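Asks: Read off the chains here:
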Amino acid sequence: DTAVSQTPKYLVTQMGNDKSIKCEQNLGHDTMYWYKQDSKKFLKIMFSYNNKELIINETVPNRFSPKSPDKAHLNLHINSLELGDSAVYFCASSGPNAWTDTQYFGPGTRLTVL
Amino acid sequence: SQQGEEDPQALSIQEGENATMNCSYKTSINNLQWYRQNSGRGLVHLILIRSNEREKHSGRLRVTLDTSKKSSSLLITASRAADTASYFCATDSGSRLTFGEGTQLTVNP
Chain A
1 DTAVSQTPKY LVTQMGNDKS IKCEQNLGHD TMYWYKQDSK KFLKIMFSYN
51 NKELIINETV PNRFSPKSPD KAHLNLHINS LELGDSAVYF CASSGPNAWT
101 DTQYFGPGTR LTVL
Chain B
1 SQQGEEDPQA LSIQEGENAT MNCSYKTSIN NLQWYRQNSG RGLVHLILIR
51 SNEREKHSGR LRVTLDTSKK SSSLLITASR AADTASYFCA TDSGSRLTFG
101 EGTQLTVNP
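Chains A and B, in that order, are what the protein sequence lines are. Position one of the first sequence corresponds to residue 1 (this note's numbering), numbered consecutively onward. Position one of the second sequence corresponds to residue 1 (this note's numbering), numbered consecutively onward.
Think of the hints as simulated: they come from the structure by calculation, not from any bench. Among the hints, erroneous ones may be present.
Here chain A is said to cover these stretches of chain B; the calculated rule only asks that three of the stretch's residues, wherever they fall, bring their Cβ under 8 angstroms from a Cβ of chain A [stated by the list, open to error]:
hint, segment
1, 43 to 57
2, 96 to 103
Residues from chain B that keep clear of chain A, each with C-beta distances beyond 10 angstroms, as calculated [what the hints assert, rightly or not]:
hint, residue
3, LEU11
4, GLN14
5, GLY16
6, SER24
7, SER28
8, GLN37
9, LEU61
10, THR67
11, LYS69
12, LYS70
13, SER73
14, PRO109
Calculated lysine-lysine pairs in the DSSO-like style (CA-CA distance at most 30 angstroms, straight line) [to be verified]:
hint, chain 1, residue 1, chain 2, residue 2
15, A, LYS71, A, LYS52
16, A, LYS41, B, LYS69
17, B, LYS56, A, LYS52
18, A, LYS44, B, LYS70
19, B, LYS56, A, LYS41
20, A, LYS67, B, LYS69
21, B, LYS26, A, LYS40
22, A, LYS40, A, LYS19
23, A, LYS44, B, LYS56
24, B, LYS70, A, LYS36
25, B, LYS70, A, LYS67
26, A, LYS22, A, LYS71
27, B, LYS70, A, LYS40
28, A, LYS36, A, LYS19
29, A, LYS41, A, LYS9
30, B, LYS26, A, LYS36
31, B, LYS69, A, LYS40
32, A, LYS41, A, LYS52
33, A, LYS9, A, LYS67
34, B, LYS69, A, LYS44
Bear in mind that the values here come from a model prediction, so they are computed numbers and not experimental data. We put the CB at the ideal spot given by N, CA and C, even for glycine.
Please model the complete structure; the sequences and the hints are all you need to start from.
Replies: This is the structure we're talking about:
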């Protein structure tokens, strides 16, 4: 059973399109995250939700909008995609102690914007 | 600014040798965690060391933490080809987990 799952695994799209990435965790965790990993493997946090409430919103263009319908799901919608959005996006989750607890990562979604 | 910086950026060794990776950080931390990332996969947690701990072991892994120097090291003993991956340190400063740039470890059979 996959603890943190993301769909799709690969996403290839044209500039200007709108796309969504979905994330689900079955670990019963309270906190979920979105990270962006660039081509140099640098991993940067974008958003974090705790029990459906946004607790971290890094300096991310407002074209990126996270949505958490319930605490097991955290989706990422991206409007007007740009070339620089090409990266691997990782969803993660952790227990009630948001930063202290181990984070469990999904397999990643490789987004390529043409 | 980026919290964790890792050294070396890349490390290539032979199977059976030990591998040491270092991580330096800038601000006070609650804990420091090490993660592994295999090519094309998500990160997997390896070990967590709290700010009041100096050394921790888990199987072939040994982690040290020196808060006075703001640095940590990860030692993998008796390396195997399957240890080939990127290794990241991540620091918990109380408001978020910040990842370092990672060390790419290649273990040659």
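Asks: Each hint needs a verdict: does it hold in this structure or not?
Replies: Now for the hints, and whether the structure bears them out:
With a cut-off of 8 angstroms between beta carbons, the segment 43 to 57 of chain B has 4 residues touching chain A; three or more are needed, and the interface restraint holds. Given as covered by chain A, the segment 96 to 103 of chain B passes the check, having 6 residues with a CB less than 8 angstroms from a CB of that chain where 3 are the minimum. In this structure B:LEU11 is separated from chain A by more than 10 angstroms, as the shortest Cβ-Cβ distance comes to about 14 angstroms. Here B:GLN14 stays apart from chain A, with its beta-carbon at least about 24 angstroms from theirs, past the 10 angstroms limit.
A cut-off of 10 angstroms between C-beta atoms confirms that B:GLY16 is not in contact with chain A; the least separation is 27 angstroms. Non-interface call for B:SER24 relative to chain A: holds, since the shortest CB-CB distance, roughly 16 angstroms, exceeds 10 angstroms. The beta carbon of B:SER28 is kept farther than 10 angstroms from every beta carbon of chain A, the shortest such distance being approximately 13 angstroms. Here B:GLN37 does not stay apart from chain A, with its beta-carbon only about 8 angstroms from theirs, under the 10 angstroms limit.
B:LEU61, annotated as away from the interface, keeps every beta carbon of chain A farther than 10 angstroms; the closest lies near 14 angstroms. No beta-carbon of chain A is positioned within 10 angstroms of the beta-carbon of B:THR67; the least distance is around 16 angstroms. No Cβ of chain A comes within 10 angstroms of the Cβ of B:LYS69; the nearest lies about 22 angstroms off, and the non-interface call holds. Residue-level check passed: B:LYS70 sits 18 angstroms from the nearest beta carbon of chain A, beyond 10 angstroms.
Distance check for B:SER73 against chain A: the nearest CB is about 20 angstroms away, which clears 10 angstroms, and the non-interface claim stands. Distance check on B:PRO109: its Cβ is at least 24 angstroms (rounded) from any Cβ of chain A, clearing the 10 angstroms threshold; non-interface status holds. Annotation: proposed proximity of A:LYS71 to A:LYS52 holds, straight-line Cα distance about 5 angstroms (limit 30 angstroms). Taken as a hint, the A:LYS41 and B:LYS69 pair is honoured in the structure, with Cα atoms around 26 angstroms apart against an allowance of 30 angstroms.
Straight-line distance between C-alpha atoms of B:LYS56 and A:LYS52 comes to about 34 angstroms, which puts the hinted pair past the 30 angstroms bound. Annotation: proposed proximity of A:LYS44 to B:LYS70 holds, straight-line Cα distance about 21 angstroms (limit 30 angstroms). Restraint check: the Cα-Cα separation between B:LYS56 and A:LYS41 comes to about 26 angstroms, which is no more than 30 angstroms; the hinted pair holds. A hinted pair counts as satisfied when its Cα atoms are at most 30 angstroms apart, and A:LYS67 with B:LYS69 does not qualify at roughly 40 angstroms.
The hinted pair formed by B:LYS26 and A:LYS40 meets the criterion: a straight-line CA distance of about 21 angstroms does not exceed 30 angstroms. Distance check on the hinted pair: A:LYS40 and A:LYS19 sit about 23 angstroms apart at the alpha-carbon level, within 30 angstroms; holds. With a CA separation close to 26 angstroms, the supplied pair A:LYS44 and B:LYS56 stays within the 30 angstroms bound. Among the hinted pairs, B:LYS70 with A:LYS36 is consistent with the structure: their alpha-carbon atoms are about 26 angstroms apart, no more than 30 angstroms.
A threshold of 30 angstroms between alpha carbons decides the hint, and for B:LYS70 with A:LYS67 the separation of about 36 angstroms lies outside it, so the pair is violated. A C-alpha spacing of about 13 angstroms is found between A:LYS22 and A:LYS71, which places the hinted pair at or below 30 angstroms, so the restraint holds. Between B:LYS70 and A:LYS40 the alpha-carbon distance is near 24 angstroms, which keeps this suggested pair within the 30 angstroms criterion. Distance check on the hinted pair: A:LYS36 and A:LYS19 sit about 15 angstroms apart at the alpha-carbon level, within 30 angstroms; holds.
Note on A:LYS41 and A:LYS9: the hinted pairing holds, with a Cα-Cα distance of about 17 angstroms set against a maximum of 30 angstroms. Taking the CA atoms of B:LYS26 and A:LYS36, the gap is about 22 angstroms. The hint holds against a cut of 30 angstroms. Of the pairs offered as hints, the one joining B:LYS69 and A:LYS40 holds, with about 27 angstroms between alpha carbons and a cut-off of 30 angstroms not exceeded. Between the alpha carbons of A:LYS41 and A:LYS52 the distance comes to roughly 28 angstroms, so the proposed pair stays at or under 30 angstroms and holds.
This hinted pair checks out: A:LYS9 and A:LYS67 have alpha carbons roughly 19 angstroms apart, not beyond 30 angstroms. Distance check on the hinted pair: B:LYS69 and A:LYS44 sit about 24 angstroms apart at the alpha-carbon level, within 30 angstroms; holds.
Hint check: violations occur at hints 8, 17, 20 and 25; the rest are consistent with the structure.
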